[in-house]
Amino acid sequence: MRMRHVWMTAGTLFAGLGGHLQASDWNMPVGVTDVSREVYSLHMTIFWICVIIGVVVFGAMFYSLFRYRHSQGAKAAKFHEHTTVEVIWTALPLLILVGMAVPATATLKKMYDASDADLDVMVTGQQWRWHYSYLGEDVDFTSNLATPREQISGESEKGENYLLEVDEPLVLPVGKKVRLLLTADDVIHSWWVPELAVKQDAVPGFVNENWVRINEPGIYRGQCAELCGKDHGFMPVVVEAVEQEQFDTWLAERKAAAAQEAQGVDREWTMDELMERGEQVYGSICASCHQADGSGLPPAFPALAGNQALLDEPERHLDTVVNGVSGTAMPAFRTTLNPVEIAAVITYERNAWGNETGEVTQPADIADMLSE
Amino acid sequence: MWKTIKSVLAAFFGVQRESRRQEDFTTGKASSFIVVGILMGVLFVVILIVIATLAAG
Ligand SMILES: [Cu+2]
Numbered sequence: 069m070r071m072r073h074v075w076m077t078a079g080t081l082f083a084g085l086g087g088h089l090q091a092s093d094w095n096m097p098v099g100v101t102d103v104s105r106e107v108y109s110l111h112m113t114i115f116w117i118c119v120i121i122g123v124v125v126f127g128a129m130f131y132s133l134f135r136y137r138h139s140q141g142a143k144a145a146k147f148h149e150h151t152t153v154e155v156i157w158t159a160l161p162l163l164i165l166v167g168m169a170v171p172a173t174a175t176l177k178k179m180y181d182a183s184d185a186d187l188d189v190m191v192t193g194q195q196w197r198w199h200y201s202y203l204g205e206d207v208d209f210t211s212n213l214a215t216p217r218e219q220i221s222g223e224s225e226k227g228e229n230y231l232l233e234v235d236e237p238l239v240l241p242v243g244k245k246v247r248l249l250l251t252a253d254d255v256i257h258s259w260w261v262p263e264l265a266v267k268q269d270a271v272p273g274f275v276n277e278n279w280v281r282i283n284e285p286g287i288y289r290g291q292c293a294e295l296c297g298k299d300h301g302f303m304p305v306v307v308e309a310v311e312q313e314q315f316d317t318w319l320a321e322r323k324a325a326a327a328q329e330a331q332g333v334d335r336e337w338t339m340d341e342l343m344e345r346g347e348q349v350y351g352s353i354c355a356s357c358h359q360a361d362g363s364g365l366p367p368a369f370p371a372l373a374g375n376q377a378l379l380d381e382p383e384r385h386l387d388t389v390v391n392g393v394s395g396t397a398m399p400a401f402r403t404t405l406n407p408v409e410i411a412a413v414i415t416y417e418r419n420a421w422g423n424e425t426g427e428v429t430q431p432a433d434i435a436d437m438l439s440e
Numbered sequence: 587m588w589k590t591i592k593s594v595l596a597a598f599f600g601v602q603r604e605s606r607r608q609e610d611f612t613t614g615k616a617s618s619f620i621v622v623g624i625l626m627g628v629l630f631v632v633i634l635i636v637i638a639t640l641a642a643g
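Residue numbers (the working numbering), protein chains in the order written: chain A, 69 to 440; chain B, 587 to 643.
Derived from the structure by calculation, the hints contain no laboratory data.
One or more of the hints may lead you astray.
Once the Cα atoms are required to be at most 20 angstroms apart in a straight line, the calculated SDA-like pairs of lysine to any residue come out as [unchecked claim]: (1) Lys-178/A / Lys-589/B; (2) Lys-177/A / Ala-642/B; (3) Lys-226/A / Phe-302/A; (4) Lys-245/A / Asp-188/A; (5) Lys-177/A / Ala-638/B; (6) Lys-589/B / Val-155/A; (7) Lys-178/A / Thr-639/B; (8) Lys-323/A / Ser-201/A; (9) Lys-177/A / Ile-637/B; (10) Lys-146/A / Glu-604/B; (11) Lys-592/B / Glu-149/A; (12) Lys-178/A / Val-166/A.
Counterexamples of contact, computed for chain A against chain B with all Cβ distances above 12 angstroms [to be verified]: (13) Trp-157; (14) Ala-174; (15) Ile-220; (16) Glu-311; (17) Asp-316; (18) Thr-404; (19) Ala-420; (20) Thr-425.
Just so we're clear, the structure is a prediction, and the values are computed from it rather than from any experiment.
Here a beta-carbon is modelled for each residue, glycine too, at the ideal position from N, C-alpha and C.
Work out the full structure: start from the sequences and follow the hints.
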């Protein structure tokens with residue numbers, strides 16, 4: 069009777085603790101997809117199995133230590149072999165492990181089944197930002213860290229979503245199966261959003277698959293989860309899940325903007341227009357290495373302000389931006405940036421911070437060069 | 587033969603009676619244990635592949 073009471077109290081305690089854990093910051097999130105719920109319940113099941121094993125093992129150990137202590141005249145049993153006990157302590161863990169592997173495998177199977185997706189999004193990791201491309205929709209953009217530099221350097225108060233905010237989130241429709249095709253341009257990154265139970269490596273030269281079907285609209289934040297260099301902590305992931313209608317509107321807007329941008333390639337741009345656009349591009353793409361004032365971080369990231377090679381050799385400058393420099397941290401931007409952005413950023417770099425070449429690079433020339 | 591299989595199974599499991607171990611080392615032949623061990627290792631892998639295929643299908 070007393071034993072039963074102890075078990076009931078323990079049961080209530082565990083149930084209460086379980087509910088408490090679910091809501092706390094200490095545990096993994098339940099998430100907003102069916103898969104994430106399954107992952108969470110697997111995690112809790114295995115957690116409680118471990119707790120029970122721990123209680124039984126340490127309980128038996130401490131009980132034995134106390135009950136059969138030397139001062140009470142306990143004598144150690146000195147037998148060598150006990151096949152029955154050995155069989156039990158081998159078979160029991162085996163059964164427990166198989167018992168955990170069966171539901172875990174069932175969930176893994178679901179996680180790997182990326183077939184019959186409603187929407188395909190290519191996710192490309194780059195030092196240090198994510199690039200999203202909606203396949204078959206002609207929409208693609210780069211998602212950069214949006215946390216102001218003053219917050220990072222400690223000159224101003226840190227915001228609520230410090231280092232977890234981007235200029236352009238990945239927008240996805242709720243209730244639709246979205247297939248993610250993950251790869252990287254330079255080093256291994258990992259696209260991780262805890263609320264979606266997705267943590268998938270993005271490896272150069274490989275395309276990894278994963279998928280999500282988000283149940284609730286909302287903003288879900290994550291990070292790069294594979295140490296990828298200097299700004300590894302500065303390439304967050306933000307997913308904005310919206311209703312289908314809202315998604316369609318957004319997609320149409322993006323397409324229209326892309327079409328307009330494509331038209332912009334053909335016309336003549338003024339110096340001021342290019343400088344304005346270039347400053348924008350430079351700030352979100354180049355400044356993390358070459359710094360906002362063009363002073364760089366030598367020797368890894370050379371200064372651009374007053375850089376004699378850059379000023380004397382416009383061809384080489386262009387080639388560096390478009391094709392990158394192999395063996396260094398300078399990536400190729402021919403796929404990440406469009407002709408307007410490339411022309412603008414080159415014009416900016418050749419005319420900002422005292423670099424007064426007066427040279428203007430036209431988007432049309434870049435477009436010609438890229439199409440060759 | 588059956589005795590060798592049983593000893594290999596015991597080795598897979600990781601538990602063996604001392605008396606059986608002594609017996610294996612005095613009357614058994616090393617080569618037969620090696621051959622049966624490799625064959626049963628292969629068989630084990632095949633069984634795992636079959637289970638995995640069934641589970642995936
Ligand atoms: Cu990364």
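Verification of the hints:
With a C-alpha separation of about 43 angstroms, the suggested pairing of Lys-178/A with Lys-589/B is violated against the 20 angstroms cut-off. The straight-line distance between the Cα atoms of Lys-177/A and Ala-642/B is roughly 7 angstroms, inside the 20 angstroms bound, and the hint therefore holds. A distance of roughly 14 angstroms separates the Cα atoms of Lys-226/A and Phe-302/A; the hinted pair therefore holds under the 20 angstroms criterion. Annotation: proposed proximity of Lys-245/A to Asp-188/A holds, straight-line Cα distance about 9 angstroms (limit 20 angstroms).
A threshold of 20 angstroms between alpha carbons decides the hint, and for Lys-177/A with Ala-638/B the separation of about 11 angstroms falls inside it, so the pair holds. Between Lys-589/B and Val-155/A the CA atoms are separated by roughly 19 angstroms; this keeps the pair inside 20 angstroms, and the hint holds. Between Lys-178/A and Thr-639/B the CA atoms are separated by roughly 15 angstroms; this keeps the pair inside 20 angstroms, and the hint holds. For the proposed pair Lys-323/A and Ser-201/A, the alpha carbon gap of about 12 angstroms is at most 20 angstroms, so the pair holds.
A C-alpha spacing of about 14 angstroms is found between Lys-177/A and Ile-637/B, which places the hinted pair at or below 20 angstroms, so the restraint holds. About 16 angstroms separates the Cα atoms of Lys-146/A and Glu-604/B, which keeps this hinted pair within 20 angstroms; it holds. The straight-line distance between the Cα atoms of Lys-592/B and Glu-149/A is roughly 19 angstroms, inside the 20 angstroms bound, and the hint therefore holds. Proximity of Lys-178/A to Val-166/A is assessed by CA-CA distance (about 19 angstroms); at most 20 angstroms being required, the pair is judged to hold.
In this structure Trp-157/A is not separated from chain B by more than 12 angstroms, as the shortest Cβ-Cβ distance comes to only about 9 angstroms. For Ala-174/A, the non-interface assignment is contradicted: its Cβ lies about 8 angstroms from the closest Cβ of chain B, within the 12 angstroms cut-off. Distance check on Ile-220/A: its Cβ is at least 47 angstroms (rounded) from any Cβ of chain B, clearing the 12 angstroms threshold; non-interface status holds. Against chain B, the non-interface label of Glu-311/A holds: every CB pair exceeds 12 angstroms, the least being about 35 angstroms.
Every C-beta of chain B lies more than 12 angstroms from that of Asp-316/A, the closest at about 36 angstroms, which supports listing it as non-interface. The non-interface label for Thr-404/A is consistent with chain B: the shortest C-beta to C-beta separation is roughly 38 angstroms, beyond 12 angstroms. Annotated as non-interface, Ala-420/A keeps its C-beta farther than 12 angstroms from every C-beta of chain B; the closest such distance is 57 angstroms. Annotated as non-interface, Thr-425/A keeps its C-beta farther than 12 angstroms from every C-beta of chain B; the closest such distance is 62 angstroms.
When the structure is compared with the earlier hints, violations turn up for hints 1, 13 and 14 and for no others.
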